[in-house]
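Go ahead and model the full structure; you've got the sequences and the hints to work with.
Read left to right, the sequence shown gives residues 1 to 373 (full-length UniProt numbering).
Worth flagging that the hints you see were computed from the coordinates, not collected in a lab. This structure is a prediction, so every number in the text was calculated from the model and none was measured. Hints may contain errors.
FRET-style restraints, in silico, Cβ to Cβ [as the list claims (entries may be wrong)]:
| # | residue 1 | residue 2 | range |
| --- | --- | --- | --- |
| 1 | GLY168 | SER319 | 18 to 28 Å |
| 2 | GLU103 | GLU355 | 16 to 26 Å |
| 3 | LYS33 | LYS89 | 15 to 25 Å |
| 4 | ASP159 | LYS33 | 43 to 53 Å |
| 5 | GLU124 | ASP65 | 14 to 24 Å |
Where a beta carbon is used, it is the ideal one built from N, C-alpha and C, also for glycine.
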Amino acid sequence: MSGRTKLAGSHLASAKSCVAPIIIRMDPAAEKKRMCVTGAGGFIASWLVKLLLSKGYVVHGTIRDPTDPKNAHLKELHPTATENLHLFKVDLLDYESVASAIEGCEGVFHLASPVPSIRVDVIEPAVTGTLNVLKACSEAKVQRLVVVSSVAAVVVSPDAMDKISDEGAWSDAEYCRKTENWYCLSKTLAEHEALNYGEKHGLDVVTVCPAYVIGPLLQPTLNASSMVLINMLNGLSSILFFCTIRTLEDITHGLILCSPHRHVAGTHNSMDNILYYFVDVRDVADALFLVYEKPEASGRYICGPCEVKLSDLIHMLRSLYPNYKYPEKFTEAKGFTLHSEKLEKLGWRYRTLKESLIDSIEFYRNAGLIDNA
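See the structure below:
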């Protein structure tokens with residue numbers, strides 16, 4: 001009996017040795033979560049893509065033209081970008097192209113703007129582009145959509161100077177039309193559309209409203225919010241800047257453009273001493289991921305923690321970089337007051353203004369955007 005048992009065992013062992021092992025090879029990307037970032041080549045979006053790649057996500061990045069050299073930096077953002085970053089040619093006004101990029105993603109970050117210019121006829125396309133993203137998210141059953149709006153959708157109203165603006169404050173659409181502030185109007189209408197759609201259709205939508213975004217650039221093209229600081233260091237007048245900013249493709253999220261007066265009075269040597277609100281681009285990327293990740297996140301979040309009067313800003317810049325040209329005279333004027341406490345209560349932390357200014361200016365100097373004065 002024992003011999004037969006041993007023989008059977010021997011045959012079994014022999015049989016096992018004749019069977020080739022079955023090796024199942026899984027596509028590494030199939031196990032990773034996917035995120036979509038619209039407008040992936042932009043200032044904020046590039047930092048967000050970099051952050052998501054560093055956290056192991058597969059990223060679907062939408063861009064207008066994958067062959068445009070200005071998007072070449074995307075594949076160099078992280079060692080995993082070659083494998084985990086998939087670029088989609090998307091026109092936000094073409095629903096099918098939007099839906100194809102969002103398909104298979106668990107989360108979406110909407111940063112893209114559908115048009116490059118700021119005119120009255122871009123209002124409807126801006127809202128339509130956002131609506132296409134919303135519908136595609138519903139169809140794909142994404143867990144959450146994070147929409148990047150702007151403080152432009154918060155503070156542009158006749159009485160904005162007389163109150164503290166928090167997440168309950170909205171820009172006055174009719175006032176934006178009256179003053180022909182088309183950028184602020186487009187941001188206001190698009191954000192309203194996103195939140196209303198989410199509530200009506202059961203889509204989890206969170207919006208973030210950055211203030212004046214500064215910090216190092218990852219993209220090869222200069223964005224408008226960086227130009228404010230560069231022009232200040234180069235001694236250009238603020239009025240010159242505000243005459244040109246409305247033609248730039250990448251419009252700043254900052255309060256400077258969003259002022260109901262839409263300019264800073266005076267020459268470069270005499271400027272209104274108003275409040276400015278800054279935030280580092282890297283901290284904005286962190287905030288976007290935070291509001292996606294936190295289950296308790298909801299509604300709107302203002303993202304502009306560093307408050308500073310213009311005179312104090314110039315004093316700080318002069319102490320750090322004394323050899324640049326700065327305005328000498330300031331006229332006291334009313335400004336906006338913003339609060340970012342809601343975002344901070346969610347656990348968001350941010351860099352100091354001094355750190356962001358130094359990192360920004362050192363980048364500009366190394367890139368040859370300003371002189372090494």
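Results for each hint:
1. Evaluation of the 18 to 28 Å hint for GLY168 and SER319 yields a failure: the beta carbon distance comes to about 37 Å.
2. At about 39 Å, the CB distance of GLU103 to GLU355 disagrees with the hint of 16 to 26 Å.
3. Between LYS33 and LYS89 the beta carbon distance is about 23 Å. The supplied range of 15 to 25 Å therefore holds.
4. Taken as a hint, the range 43 to 53 Å holds for the pair ASP159 and LYS33, whose Cβ atoms sit roughly 44 Å apart.
5. At about 23 Å, the beta-carbon gap between GLU124 and ASP65 stays in the expected band of 14 to 24 Å.
Of the numbered hints given earlier, the model fails hints 1 and 2; all others are met.
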